[in-house]
Amino acid sequence: MIEFRNISKTFKIGNRKVDAVKNVSLTIQQGEIFGIIGFSGAGKSTLLRLVNLLESPTNGEIEVQGVNIGSLSQKEVRKLRSRIGMIFQNFNLFASRTVAGNVAYPLKLAGVPKKEINERVDELLRFVGLTDKAKDFPEQLSGGQKQRVGIARALATSPDILICDEATSALDPDTTGEILRLLKKVNKELGITILLITHEMHVIQEICDRVAVMENGEVIESDSVFNVFTNPKHLTTQRFIQSVQQDRPSESLLEEWRKKGGKHLYRAIFKGEIASDPVLSRVTRKFGVDVNIVYGSVRELQERLYGNLLVSFEGPEDHISSVLSELAKDVSVEEVNINEG
Amino acid sequence: MKVDWSTFWPRIVEATGETLLMVIMTLILGSILGITIGLLLFVTRTGNILENKFLFHLLNFLINIIRPVPFIIFLVAISPLTRAVVGTTIGTWAAIFPMTIASAFGIARVVENNLVSIDSGVIEAAKAMGASPLRIVFTVLIPEALGPLILGLTFVTVSLIDFSAMAGTVGGGGLGHVAMTYGYQRFDGSVMLVTVIILIILVQVAQWIGNTLSRKIMRR
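If you read the sequences in order, they're chains A and L.
Residues 0 to 340 (numbering that gives the first Met the number 0) make up the first sequence, in order.
Residues 0 to 219 (numbering that gives the first Met the number 0) make up the second sequence, in order.
Just so you know, the hints here were simulated from the structure itself, not pulled from any lab data.
What you were told as hints is all true, and nothing was included just to trick you.
In silico BS3-like links for lysine-lysine, alpha-carbon gap of 25 Å or less:
#1 A/Lys-134 - L/Lys-215
#2 A/Lys-134 - A/Lys-107
#3 A/Lys-232 - A/Lys-328
#4 A/Lys-113 - A/Lys-74
#5 A/Lys-184 - A/Lys-132
#6 A/Lys-16 - L/Lys-52
#7 A/Lys-132 - A/Lys-113
#8 A/Lys-78 - A/Lys-113
#9 A/Lys-285 - A/Lys-262
#10 A/Lys-11 - L/Lys-52
#11 A/Lys-132 - L/Lys-215
#12 L/Lys-52 - A/Lys-74
#13 A/Lys-114 - A/Lys-78
#14 A/Lys-183 - A/Lys-270
#15 A/Lys-262 - A/Lys-328
Make the full structure from the sequences, and use the hints.
Structural data, given as structure tokens:
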């Protein structure tokens with residue numbers, strides 16, 4: 000468990016003071032995957048580095064696994080760091096060491112006997128699927144393989160927590176998916192708490208349980224991924240969500256819709272159970288109205304379905320309004336303005 | 000009077016031995032001192048693992064006052080110190096002392112430059128794994144910079160051969176001394192030619208060793 004209590008961090012750059020993190024309070028629960036999202040410069044990277052004291056807070060307290068880390072000695076800080084694995088955007092592997100040498104490094108630091116190191120390295124490389132690359136040097140690997148080595152190295156000392164600094168931002172979409180699945184496996188099979196930062200909403204959507212949105216050093220919104228996706232409160236959050244969710248057709252499509260004398264468009268949002276219920280079909284049939292799904296998507300969020308559909312209805316006006324009020328009992332429905340950009 | 004080559008070869012061999020002794024001893028002592036200073040300079044930089052403004056600026060200042068002084072002047076200028084430490088200002092060991100001091104500051108800069116080029120993310124990763132600053136120096140900084148470091152030391156070695164010849168002209172012994180006394184002062188072109196050829200061979204061999212070693216370490 001990680002708990003930030005009223006954490007602030009101010010950097011002095013020359014005579015200028017920069018508030019990188021402002022009064023942040025967050026709790027990351029044991030065993031969850033917690034994501035912090037924000038645009039660059041939002042302070043998420045600094046916040047992440049406070050967990051293993053690569054940066055120390057200007058104000059506030061941080062508790063990691065029940066220990067207030069503000070009062071630790073140098074030696075205790077190093078001990079703490081060996082309990083927290085860290086992976087990086089640019090992998091930060093040692094170019095002078097082989098894959099096996101990289102994974103062995105934290106074990107050597109911990110003073111593990113050589114024989115045990117070899118066994119543990121084999122086991123870790125098997126876990127990340129790189130057994131055949133043990134003797135290769137990092138420069139011979141692809142980006143995804145490098146990050147696998149980074150993950151194996153971070154897990155070497157069996158940490159309680161894994162912190163990920165933009166771990167997939169330097170990877171292509173396919174490899175990103177691969178690494179995210181591996182992180183999920185780390186979380187599920189080893190029970191390791193994961194705290195990650197990213198600027199990519201699909202990373203949050205794919206593996207996180209809960210999310211915090213940061214802007215200008217502050218946490219502006221924090222909730223379960225499902226709630227944040229289905230009911231984003233802050234404008235920045237809405238922008239992030241739009242980045243992964245086509246919830247509005249393009250202008251040219253709308254233009255065409257208008258030209259064809261398009262009807263009113265309604266947005267229907269289905270959450271959880273109701274998304275697998277044929278409610279739309281049932282209600283329209285009841286009032287003898289035809290429904291036309293114009294645009295939308297149904298996606299899975301934390302193993303729950305979330306549908307976001309743009310629909311139009313054809314039939315007598317009063318029947319349509321009956322449909323709308325009947326639908327509103329189960330799903331949220333609102334009219335979409337098709338004239339505005 | 001020209002030298003009699005039938006009896007002069009042993010003198011050349013002896014002088015080559017002196018030159019090699021000067022260069023190798025200086026390289027060893029200068030590297031120990033220079034790598035230490037270079038590492039200190041790097042780790043005490045602002046924002047680095049053992050940030051210390053006072054030490055950084057002191058070392059930086061020392062390097063900047065010693066490096067620009069031409070070696071032949073430096074050699075003469077510190078001769079009182081050489082006499083105090085070595086006991087004499089003549090001979091091979093009296094040359095090794097100023098050569099060591101001068102090269103150490105050159106090596107320090109070479110070391111610092113190579114360390115600066117290490118990706119700071121790698122150092123951060125080691126820190127995040129719980130490595131102490133000393134541990135980082137020996138298990139991250141040195142291994143990561145070793146390839147270019149060896150090329151840098153090779154460059155220094157070549158200039159040490161140059162230094163040793165200069166030291167030879169002011170009583171330091173070695174090939175420089177032979178070239179000056181026989182080749183220059185007695186106008187014996189053959190001695191000059193032989194010493195120049197030997198010096199060229201030494202430089203070539205040093206460069207070859209350096210290139211081979213660094214290539215092996217950098218795997219390219």
